[in-house]
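Chain residues, written in single-letter form:
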Amino acid sequence: MTDSMVLALGLLVIGFYLIISNRLIALLHPLKMEFVARGEQLLNEPDLPADIAVDVKHSLDVAYSTSRAWLFVCLTPIAMVVAIYHQIVGRTDKSLDHVPVRLRNSVRIFGGVSVLLTIANSPLALCLFFIQIFAYAVLFLPVGTAVRELMRIGTVVEYSSPSALLHHYRSV
Amino acid sequence: MRFKKIIAIAWQIIKLLWKATWGLLGFVGLLVTLDSGWDGFSKDVRHSSFVNFLMHVWQALIALFTGDLIGCITLLVSVAILTHLLVEKARQRSKTEFQSQRKKRVPKGKVKKK
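Protein sequence lines, in the order shown, are assigned to chains A and B. All you need for my numbering is the position in the first sequence, starting with 1, plus 42. All you need for my numbering is the position in the second sequence, starting with 1, plus 99.
It should be emphasised that the hints constitute simulated quantities derived from the structure, not laboratory data. Built from N, CA and C at the ideal position, the CB exists for glycine as well. Don't take every hint at face value.
[Claimed, not checked] Which chain B residues stay away from chain A? Per the calculated CB distances, all over 10 Å, these:
1) L116
2) K118
3) A119
[Stated by the list, open to error] Incomplete in silico selection of chain B near chain A, CB under 8 Å:
4) L115
5) L175
6) F197
[What the hints assert, rightly or not] Simulated pairs of lysine to any residue, SDA-like, Cα-Cα distance not exceeding 25 Å:
7) B:K202 - A:E76
8) B:K202 - A:A95
9) A:K136 - A:R194
10) B:K104 - A:V198
11) B:K202 - A:K136
12) B:K203 - A:V96
13) B:K188 - A:E76
14) B:K103 - A:V149
15) B:K194 - A:V149
16) A:K136 - A:I173
17) B:K203 - A:V198
18) B:K188 - A:V198
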């Protein structure tokens with residue numbers, strides 16, 4: 043491959059990525075506005091448990107984080123392994139049992155949308171995520187459970203990251 | 100406790116170094132590209148005729164950016180950084196609106212004072 047071909051191909055890829063990124067930001071902007079509205083609505087619910095409120099607030103705080111997008115993409119295989127393990131041992135998801143029934147569905151939807159919107163902060167991360175999900179779906183693996191596990195594992199990793207520790211020390 | 104604090108500060112330093120590396124790479128990339136491509140550019144223009152002037156301009160542009168493979172790659176890195184900055188600007192605009200939307204909302208039960 044000649045230098046000019048490398049240059050042309052590189053510029054083409056970069057240009058394409060720029061267009062996709064810009065279109066994605068424009069496309070997701072109204073969805074993010076809706077997301078913040080739903081999040082604030084949940085936070086204003088008096089019955090919402092404190093731990094869920096913290097998670098919702100954190101999701102809103104990091105809605106534009108690209109590093110979180112890559113974290114989710116990297117954790118997807120682990121979440122899938124955990125989901126398969128839970129399915130084998132027959133363990134059901136009890137993380138939302140303490141949430142009032144009328145709010146449970148909203149919290150679940152909010153969590154799923156949060157994962158998707160966060161991953162969409164990086165087009166490449168989104169692409170890799172969907173390739174993984176597609177591969178798992180083809181193999182009839184529990185994708186829905188894996189996404190729920192992904193939220194849980196992602197939050198645990200984030201709360202124990204150096205960045206979170208720094209934030210904690212600043213706030214103390 | 101102290102160990103955790105040290106990790107947190109180290110993380111902040113790594114983040115700063117990461118940003119500085121990108122900035123430096125972009126700057127050096129542009130310099131190297133212009134330097135290595137300049138010879139090819141001047142040579143092509145020297146041999147160009149008026150009739151196929153446009154053709155030679157195109158060739159000269161290619162030569163300018165492909166003086167060698169390193170120049171080509173560094174140019175690509177520079178363009179990638181500029182692209183990243185452009186996308187980041189659009190994202191910041193969206194983020195500002197997102198944050199203002201969050202601040203605008205009044206919590207339930209609290210009444211705005213007139």
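Tested hints:
1. L116: Nearest chain A Cβ is 14 Å from B:L116, so the label holds.
2. K118: holds (13 Å)
3. A119: holds (17 Å)
4. L115: Status violated, d = 13 Å.
5. L175: Since chain A brings a Cβ to about 4 Å from B:L175, closer than 8 Å, the hint holds.
6. F197: With a minimum Cβ separation of about 6 Å from chain A (threshold 8 Å), the hint on B:F197 holds.
7. B:K202 - A:E76: holds (15 Å)
8. B:K202 - A:A95: Between B:K202 and A:A95 the Cα gap is close to 17 Å, so the pair holds against 25 Å.
9. A:K136 - A:R194: Satisfied, since the Cα-Cα distance of roughly 12 Å is no more than 25 Å.
10. B:K104 - A:V198: holds (19 Å)
11. B:K202 - A:K136: violated (33 Å)
12. B:K203 - A:V96: Holds: B:K203 and A:V96 sit about 20 Å apart, inside 25 Å.
13. B:K188 - A:E76: holds (22 Å)
14. B:K103 - A:V149: violated (32 Å)
15. B:K194 - A:V149: Given pair B:K194, A:V149 holds - Cα atoms ~23 Å apart, limit 25 Å.
16. A:K136 - A:I173: violated (29 Å)
17. B:K203 - A:V198: violated (30 Å)
18. B:K188 - A:V198: violated (30 Å)
Hint check: violations occur at hints 4, 11, 14, 16, 17, 18; the rest are consistent with the structure.
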